[in-house]
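J.: Just so you know, the protein sequences line up as chains A and B, in that order. Residues in the first sequence are numbered from 1 upward in steps of one, following the numbering used here. Residues in the second sequence are numbered from 1 upward in steps of one, following the numbering used here.
One thing to keep in mind: the hints can contain errors.
What the hints assert, rightly or not - With a straight-line Cα cutoff of 25 Å, these simulated SDA-like cross-link-like pairs (lysine to any residue) come out:
| # | chain 1 | residue 1 | chain 2 | residue 2 |
| --- | --- | --- | --- | --- |
| 1 | A | K93 | B | E343 |
| 2 | B | K91 | A | L267 |
| 3 | A | K322 | A | L267 |
| 4 | A | K93 | B | K91 |
Claimed, not checked - Label pairs and their in silico Cβ distance ranges:
| # | chain 1 | residue 1 | chain 2 | residue 2 | range |
| --- | --- | --- | --- | --- | --- |
| 5 | A | L363 | B | G27 | 19 to 29 Å |
| 6 | A | P314 | B | G201 | 44 to 54 Å |
| 7 | B | T115 | A | A140 | 17 to 27 Å |
| 8 | B | L4 | A | H221 | 43 to 53 Å |
| 9 | B | R71 | A | L363 | 33 to 43 Å |
| 10 | A | Q318 | B | G27 | 16 to 26 Å |
Keep in mind that the hints were calculated from the coordinates and are not lab data. Computed from a predicted model, the values in this text were never measured in an experiment. Note that beta-carbon positions come from the ideal geometry of N, C-alpha and C, so glycine has one too.
Letter by letter, the chains look like this.
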Amino acid sequence: MRTLRILLEKEFRQIFRDPAILRLIFMMPMVQLLILPLAADYEVKNVKIAVVDQDRSTYARQLVEKISASEYFDLVDYGNSYSQSLELVEEDKVDLILNIPLQFESVLVRENESTVFIAVNAINGAKANLGSVYLRNIIADFNREIRLDWIQTPRINPQPIIQVSSLNWYNPLLNYQYFMVPGILVILVTMVGAFLSALNIVKEKEIGTIEQINVTPIRKHQFILGKLIPFWILGLFVLAIGMTLSWLVYDIVPVGSLATIFAFAALYLLAVLGLGLLVSTISQTQQQAMLISFFFMMIFILLGGLYTAIESMPMWAQWVTKFNPVTYFIEVMRMVVLKGSTLFDIRYHIFAVTIFAIVLNSLAVFNYKKRS
Amino acid sequence: MKQLLFFIKKEFFHVLRDSRTLVILFGMPIAQVVIFGFALTNEVKNSSIAILDQANDQTSSAIIDEISASRYFDVTSYLKTNAEIEQVFRKGKTRMVIVFPPQFEYELNHTNSATIQMIADATDPNIANTLVSYASVIVMDYQSQQTLQTLPLSIKTETKMLYNPQLKGSYSFVPGVMAMVLMLVGAMMTSISIVREKEIGTMEVILVSPIVPMRVIVAKMIPYLLLSMVNVVSILLISYYALDVPIAGNLFLLLAECFLFTLTALALGLFISSVAETQQTAMLISLMGLFLPTVMFSGFMFPIENMPIPLQVLSNLIPAKWFFYIVKDVMIMGNGFKQVWQETLILTIMLVVLLTISIKKFKVRLE
Numbered sequence: 001m002r003t004l005r006i007l008l009e010k011e012f013r014q015i016f017r018d019p020a021i022l023r024l025i026f027m028m029p030m031v032q033l034l035i036l037p038l039a040a041d042y043e044v045k046n047v048k049i050a051v052v053d054q055d056r057s058t059y060a061r062q063l064v065e066k067i068s069a070s071e072y073f074d075l076v077d078y079g080n081s082y083s084q085s086l087e088l089v090e091e092d093k094v095d096l097i098l099n100i101p102l103q104f105e106s107v108l109v110r111e112n113e114s115t116v117f118i119a120v121n122a123i124n125g126a127k128a129n130l131g132s133v134y135l136r137n138i139i140a141d142f143n144r145e146i147r148l149d150w151i152q153t154p155r156i157n158p159q160p161i162i163q164v165s166s167l168n169w170y171n172p173l174l175n176y177q178y179f180m181v182p183g184i185l186v187i188l189v190t191m192v193g194a195f196l197s198a199l200n201i202v203k204e205k206e207i208g209t210i211e212q213i214n215v216t217p218i219r220k221h222q223f224i225l226g227k228l229i230p231f232w233i234l235g236l237f238v239l240a241i242g243m244t245l246s247w248l249v250y251d252i253v254p255v256g257s258l259a260t261i262f263a264f265a266a267l268y269l270l271a272v273l274g275l276g277l278l279v280s281t282i283s284q285t286q287q288q289a290m291l292i293s294f295f296f297m298m299i300f301i302l303l304g305g306l307y308t309a310i311e312s313m314p315m316w317a318q319w320v321t322k323f324n325p326v327t328y329f330i331e332v333m334r335m336v337v338l339k340g341s342t343l344f345d346i347r348y349h350i351f352a353v354t355i356f357a358i359v360l361n362s363l364a365v366f367n368y369k370k371r372s
Numbered sequence: 001m002k003q004l005l006f007f008i009k010k011e012f013f014h015v016l017r018d019s020r021t022l023v024i025l026f027g028m029p030i031a032q033v034v035i036f037g038f039a040l041t042n043e044v045k046n047s048s049i050a051i052l053d054q055a056n057d058q059t060s061s062a063i064i065d066e067i068s069a070s071r072y073f074d075v076t077s078y079l080k081t082n083a084e085i086e087q088v089f090r091k092g093k094t095r096m097v098i099v100f101p102p103q104f105e106y107e108l109n110h111t112n113s114a115t116i117q118m119i120a121d122a123t124d125p126n127i128a129n130t131l132v133s134y135a136s137v138i139v140m141d142y143q144s145q146q147t148l149q150t151l152p153l154s155i156k157t158e159t160k161m162l163y164n165p166q167l168k169g170s171y172s173f174v175p176g177v178m179a180m181v182l183m184l185v186g187a188m189m190t191s192i193s194i195v196r197e198k199e200i201g202t203m204e205v206i207l208v209s210p211i212v213p214m215r216v217i218v219a220k221m222i223p224y225l226l227l228s229m230v231n232v233v234s235i236l237l238i239s240y241y242a243l244d245v246p247i248a249g250n251l252f253l254l255l256a257e258c259f260l261f262t263l264t265a266l267a268l269g270l271f272i273s274s275v276a277e278t279q280q281t282a283m284l285i286s287l288m289g290l291f292l293p294t295v296m297f298s299g300f301m302f303p304i305e306n307m308p309i310p311l312q313v314l315s316n317l318i319p320a321k322w323f324f325y326i327v328k329d330v331m332i333m334g335n336g337f338k339q340v341w342q343e344t345l346i347l348t349i350m351l352v353v354l355l356t357i358s359i360k361k362f363k364v365r366l367e
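Model the full assembly from the supplied sequences, consistent with the hints where possible.
T.: Following this line, the structure appears as structure tokens:
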């Protein structure tokens with residue numbers, strides 16, 4: 001017990017004397033929380049549209065007015081040559097072209113049917129899809145309006161109509177930051193835990209001080225615990241800073257209980273630290289440790305469901321996410337912070353992360369050898 | 001010249017002997033392309049939804065059938081009471097609950113109007129929006145099938161998806177992954193390897209020898225330059241053969257632009273190494289100052305046009321943004337040099353400025 005206390009004292013001194021680490025601990029949450037949520041706004045809006053209006057009729061003009069009034073579209077160009085607009089697409093100045101052909105109105109009136117053409121720059125597939133759906137909705141709306149003008153409709157609907165009303169729970173204003181910030185907090189805690197613990201042991205290896213520890217009677221688990229506990233405390237501390245910042249800046253107050261969040265985070269950190277320790281036992285230089293943890297972090301974060309929904313992934317990738325601790329914490333954060341889920345609701349997550357913690361830490365202790 | 005060759009050889013040995021690093025350096029781009037190409041998609045599909053059907057009549061079950069037949073939705077549970085809605089959301093997986101009011105069909109037939117309520121879990125606003133609009137379209141389609149008569153004055157739309165007819169996500173991910181990997185290998189690895197010599201003291205040995213310091217630096221950069229180009233080629237091969245991403249433009253132009261960007265990344269690494277004293281600081285600066293902005297501002301993960309104006313202005317300083325434009329233009333859209341000369345010029349200017357500053361800042365003597 002006394003050995004452990006002394007080891008802990010050593011680690012804390014080391015951490016607090018290294019300005020780089022302290023900077024990392026305080027700067028990372030600030031920068032990530034202040035900038036990332038501002039940037040991570042996936043809402044599809046401000047779609048740049050060019051209209052090629054070869055008809056110049058009343059209907060065409062009304063349609064264009066309706067489009068430019070919409071919040072989704074920015075009317076960038078209004079011309080009459082398709083090839084000119086296509087050049088704008090090539091220069092990335094336009095995302096979408098609406099082509100209203102010659103005699104659009106007269107054909108519509110004469111034959112009761114007329115076609116407009118949409119061309120979308122589909123390199124960004126999701127945006128292209130949504131953009132064209134929005135535009136088709138506007139055109140459909142416009143169609144309904146002119147039809148109502150054309151035919152004198154009776155006051156009661158002649159046909160039964162099913163209406164759809166929609167409600168957005170938990171985030172009624174559809175604030176994207178509510179979605180991103182809890183996820184970014186997870187990334188933050190993960191990076192602090194995994195990188196710092198991985199780099200720490202390797203640094204001792206690289207500068208040779210690990211030899212000095214190896215010749216002392218310190219036991220393996222004491223050494224590992226001595227490395228684990230400081231970063232475990234730091235990780236929770238960073239989470240606390242992060243939660244405070246997200247309350248001050250984004251006004252995000254967890255609906256669920258703070259105790260649930262911190263309890264889960266404590267468990268999760270054990271798993272992440274175990275991973276960091278494992279990396280440090282297999283690498284020789286800081287460069288290696290950095291690269292290896294970076295490699296895994298990248299995969300974990302990308303497949304963690306922070307940016308893209310897990311259920312849209314192919315089956316094999318969904319299986320990979322089951323072995324990814326980051327996935328569980330991101331889900332738990334979003335559930336507890338936004339929906340107020342309780343410990344009982346997240347029991348499977350707790351179970352999974354406990355197993356990660358046990359397996360990773362045993363591997364790390366097993367892998368750490370006192371001789372080189 | 002011979003001296004330089006010896007140094008380059010030494011640096012190659014350094015890099016090649018560290019097999020773990022090498023495996024990851026080559027494995028990283030492959031893993032990234034595979035993940036981005038196959039696993040990550042912004043498309044919304046297979047979303048779990050729950051249904052609360054209080055009507056249980058013909059119309060409601062017909063609509064439910066239509067919805068569960070769609071590939072966007074997986075109907076995972078049927079609820080009985082309003083209270084269950086909250087519970088099912090709290091458990092996490094369910095993204096939307098569709099509620100049919102009691103007497104749905106009766107109202108529809110007698111008052112000619114009935115309402116379906118869609119309650120979405122809006123923690124992810126985009127998915128919530130998308131699901132509601134997909135479900136509404138299904139309901140609308142169902143209705144128009146029921147009323148078969150054609151309406152007057154129908155405006156039809158015909159949509160053409162340019163450049164990426166199948167709407168594959170990989171078309172925008174591949175250029176982004178290239179920018180990310182080149183930044184990582186070029187800037188981070190170079191800066192760490194130079195700073196490492198400082199940290200373990202061998203830099204001093206080199207500096208007191210008659211070797212011209214600039215040659216040492218050049219020798220350090222060349223292995224990473226080669227590694228980066230190997231990575232570029234492997235990314236291009238995987239995306240072409242495995243992901244079916246076309247290389248529509250001139251391959252040589254594309255490679256030349258990659259070379260230019262790699263040089264910029266190396267110059268950045270050199271700049272960092274002239275500022276940083278320890279490996280950890282170098283890593284920190286590379287991660288926060290380079291990697292994060294590259295991911296954020298290259299425009300493949302986060303849409304730049306949605307950012308606040310100050311960030312949009314800031315994004316112009318990030319080389320990756322221009323590189324992303326160039327690769328997208330040349331590789332996917334098949335444009336020639338005419339369309340990308342401005343971006344190329346910007347990158348070249350950045351390269352020259354960075355090189356000048358870091359050579360000026362590079363200290364020939366240690367304190």
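J.: Identify every previously stated hint that the structure contradicts and give their numbers, smallest first.
T.: Violated: hint 4 alone.
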